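Chain A is already provided as a structure; the job is to place chains B, C and D on it using the hints.
Protein chains in written order, with our numbering: chain A, 4 to 356; chain B, 4 to 356; chain C, 4 to 356; chain D, 4 to 356.
In case anyone wonders, no lab produced these hints; they're calculated from the structure. Not one of these hints is a red herring.
Identical copies look the same in the list; a pair holds intra-copy or inter-copy alike.
With a straight-line Cα cutoff of 30 angstroms, these simulated DSS-like cross-link-like pairs (lysine-lysine) come out:
#, residue 1, residue 2
1, K43, K197
2, K196, K38
3, K38, K126
4, K38, K197
5, K126, K196
All of these numbers come straight from a predicted model, not from anything done at the bench.
There are 4 protein chains.
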Amino acid sequence: MIRAQIVGATGYGGLGIIELLLRHPEIQIVDLLAKTDVGKPVSDFFPHLRGFCDQMVEDASPERIGAGCDLVIFATPDRVGMQYAAQALARGARVVDYSGDFRFESAERYREYAMRHPSVGGKPHLSPELLSRNVYGIPELFRERIRDARLVGNPGCFAVAMILSLAPAVKSGLIDPRSIIVDGKTGISGGGKKPSATFHFPDRDGNVTPYRIANHQHAIETKMALADVGGQAIGLTFVPHLVPISRGILTTCYATLRQDVGAQDVYDLYREFYAGEPFVRVFPPGVTPGIKTAIGTNLCDVSYAVDRENGRLVVTGAIDNLLKGQAGNALQNVNVMFGLPEMLGLERTPLYP
Amino acid sequence: MIRAQIVGATGYGGLGIIELLLRHPEIQIVDLLAKTDVGKPVSDFFPHLRGFCDQMVEDASPERIGAGCDLVIFATPDRVGMQYAAQALARGARVVDYSGDFRFESAERYREYAMRHPSVGGKPHLSPELLSRNVYGIPELFRERIRDARLVGNPGCFAVAMILSLAPAVKSGLIDPRSIIVDGKTGISGGGKKPSATFHFPDRDGNVTPYRIANHQHAIETKMALADVGGQAIGLTFVPHLVPISRGILTTCYATLRQDVGAQDVYDLYREFYAGEPFVRVFPPGVTPGIKTAIGTNLCDVSYAVDRENGRLVVTGAIDNLLKGQAGNALQNVNVMFGLPEMLGLERTPLYP
Amino acid sequence: MIRAQIVGATGYGGLGIIELLLRHPEIQIVDLLAKTDVGKPVSDFFPHLRGFCDQMVEDASPERIGAGCDLVIFATPDRVGMQYAAQALARGARVVDYSGDFRFESAERYREYAMRHPSVGGKPHLSPELLSRNVYGIPELFRERIRDARLVGNPGCFAVAMILSLAPAVKSGLIDPRSIIVDGKTGISGGGKKPSATFHFPDRDGNVTPYRIANHQHAIETKMALADVGGQAIGLTFVPHLVPISRGILTTCYATLRQDVGAQDVYDLYREFYAGEPFVRVFPPGVTPGIKTAIGTNLCDVSYAVDRENGRLVVTGAIDNLLKGQAGNALQNVNVMFGLPEMLGLERTPLYP
Amino acid sequence: MIRAQIVGATGYGGLGIIELLLRHPEIQIVDLLAKTDVGKPVSDFFPHLRGFCDQMVEDASPERIGAGCDLVIFATPDRVGMQYAAQALARGARVVDYSGDFRFESAERYREYAMRHPSVGGKPHLSPELLSRNVYGIPELFRERIRDARLVGNPGCFAVAMILSLAPAVKSGLIDPRSIIVDGKTGISGGGKKPSATFHFPDRDGNVTPYRIANHQHAIETKMALADVGGQAIGLTFVPHLVPISRGILTTCYATLRQDVGAQDVYDLYREFYAGEPFVRVFPPGVTPGIKTAIGTNLCDVSYAVDRENGRLVVTGAIDNLLKGQAGNALQNVNVMFGLPEMLGLERTPLYP
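Chain A with its partners taken away, still in its complex shape (with noise of 0.2 angstroms):
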């Protein structure tokens, strides 16, 4: 068995990995550590957990980090994996971590970023020179990369939709790689556990709110990885908006086509692109779920059409933010990494509705 640690276990996204492990064959948890509710059964205040996992959070203590596992999944703000991955490493463990700190090759990428993201505020990387070592987790795209890396920065999640809904028209040169606009939809479960004025149910319900505008810290990475997958420049408008539904993201791209194409032909484009994979649907010409075929499950549900008069392609993607956006894909890039079947502990039917 994969002794898999958690740090920051208290949280959406370390709760989002305990319950998938909770069902993986290959993993056990044997730390829950955290900074808050430290002493505390997790199931204490995720009561769904009761007789399920009702193990003790513990103080996630400098030293603890990293003793004693094969895995530690870093689910924790910006800035906390970057002081402690080094000592996991050098303590044999593997790394995956949730943040930003991990998802650029240099520290002068990191800095782009780190410039967007309001709670990061432009410091600098603390760990700079592991940035040569660590491998952005998209299985789809990075597959052979994570099989062989041992720190894995796992994508944000409104860049997993966007670059999974972009990739093969990028890929294959079918769209102007610089005309690209998104407009993102997220649940608030996005923004955390943590209440504030922005997640409050009164001015949630009802509304829907758009920010950071052209200014969200995603799309750094989401121009990197379609850069590298279409090797040249990316530009991108990305205005994510907040919708009151608790779980899902779906972005609506929208670029210039260079060809004349169908929705057939794109079709035909995207299912080769992503033949064989298991958490990618493609839906045919005409069908456009939405983003709740896709809640609670690790799925990427991609759908398009072609609006011909103005030669635009209009891609949707929809996934699950705490799960492809988050733990699922967190989890799919451990079970690469160990080697392990790519769907473990990720087979769940969804549930509709």
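Here is chains B, C and D on its own, set in the frame of chain A:
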């Protein structure tokens, strides 16, 4: 492998059992029968199933029902199962019916229910000869009967929550059995997949509405089951309310205490009553987690408080109306009927939020 | 023009009275006082008010309170009004307080409330000498007292709905006054503007949660007011629930009938009781419209049913918790206190859906 | 008093104008005509109106339409108004039509719309001779024409938000008129009162779904109106999405800038463009309040940001789809047509939350 035929496969009830059986190691779905969407893959109108179940829906013709299978699940409205159960049994299949058709042990009892149910309208039972063979399917209370049964009437969603909430208090004589009042809250999926003015989004969003006040058909079977458990006639005023959520039921139950007890006494009583039950969680005094802890699982979450000033017990029961309130409980019944481990196919970890 | 000073102008309660007074032809807002957001236009943090009210919020310093105005509305938490009401009265202003500070006619009664209210914690009243001068502000029941009062305690939101739902039945002796059970459902704005884990969108969305079971402070004033109306001691078990809506309260009230009556009899009784009342609508038998008909208005919508089998009356009362449950009722009190037409500023047509 | 006849009084569109006219001092409702719920008081099926408007609905027979009134509001689906407008005009009434029937100035333009609208299906206009007399009813842009008109085509809900969001940028030449992309989000009331699978609560709750991707009929009139304003052909890719709210539209508009400007420049441009307009609020740079500030009012709330890196303008427009997007804008048109103050009957203070 047990071969299961689902009749009424295109509604939420049929969908629920499809979703569960996809992960059941001992049961395979052989037929999806229905009167609507015949000839389409089920994933055409339930797109979340795409890739999980793309099986074709076939016509629920009389000759098909019960043929070539070991189990028929009637996920049908009232008065369908009663027409075809006899032939299914005669062909050697075991039968579970979701409706009120086989919840009552006599034509007389059925009549009372039939008068109350708006869609039955007082019509007589069509197979009264079967009414001595059926068993009311709440495994926690009637497990032995279910084990020997070939025909199980799966209970009403509200009834499951009410009965499990009150059974320990009724059986132990803790409460006056004539004093029971239940205020129910249900998610809108309880009304099924068919659109109507009552379930129109703009009418339900932001709204809470009582309906069938002191006149809901689930009260009949609840009184019957609790009388069976407690050996005394039950008086029950039940008022259901529609609340703007998709899934879930909460029943808040009020009754006059016959003894001066505290919350800890109730805890001890309930804990002992449900000791070993895999699908009932009794929460400790002071913890009332709401509906959401039970969503996505086959659990019934029970909590309670004592109003000493007024000598009343308050018990709340939370279930997922489509799982413990319908398909999940049905599968639990099936597992009992076929001598399988009761949790098989029902071990889902709940996701939150 | 009556000059109104609003203390606590930056919460939902203060906002509610601002919204109403903007359309009141006889009252002008002179001061918006608060301890938060001081120095900002109110439309900075309530952007919907932009262009309607851009008045500056000023510091609620002790010397300002009650100065230069004819009316002080304390839209403040418990234990603020009791510190400043005496000086406001001394300066000639009339006072309406939203909290529990002036709902009780004696320090002893206040103590019972104070023990129950989690944020009061049993502390004694700070101005007990005022407790003979205050009036409990439900105009439908205590209009004459309010007319003569200079100090009105505006009732709790749940209390308004419970009291108006039950007053006719209690006064007429129709029900056993010791048998009352109320199951309340409230929108989340009832918890105020301050974010907390309880009101975090992902925790409330899709959820229904009971709280302060048989222990909510509004039960105290409800028993007091109904005892006043009926001349008999009241027994009341009250269980409130959070439901995922922004605005609105529904109270479902259960009580044992002392007479054999039908729904039409109850209709006649209620209609007569509330004849001429501009803000109580009694719906005919069989019509139970839910919460949403009352939203955006100062109405209390009352409906009912008789459970003849169990000899019980069921009455439901629906209000907008921020209007008839708070600011609207406060303005109704103000209109009565100043001899103005009771509907002034409160004639909003409801919008639907 | 102006005598108004409402045709199609039993849908959300008819309801919206009823709600407004109840508070209009110069207009009285003389007839509520419809083809459903005939012979019932409108408050029977819209119970929130009880006591506000209990007027009987009468049959919308051809001979009634336009008789005995000064104003006919066709709150009807497409292709009703075009059958009866001529007779209403001939009888001396002014006409406002909610549908696409009178939004286009030629049969040719109508044809393009008719091809796109799923419920019109390409059928030809039935009164093409009227298509030179009608005016497109956005008062902020076409006030003078409306003042002289007897026949006004009220715009589509999405079109109002798009047009008001983009008009200043188009007219000033700030943006490339061929580069426009609009991502729309609408509340479910936009689909009307009639239940359907698309608007079934369990399907919409927790969901966000794009529809008629780059194929929505409101794009036609938006291009027409913006071309009229800007004097240049418009290219527009418009993708609407259903979001789980009852009321409200947000349009997020993207376009390529022709000049290097900052947010303050855009603010100045927009503020000047809409100076004196009672129903357009231009928010200062950095303030993007979301949909909810506009709900319950006739306002269009506009905000914007500049994506300098990509040379794009982002403008968001928020409206209440049933007010500024339908009945409110219709009443504004009526006020202009009859020479009344434009805000009459539309001065509602918004309520929050």
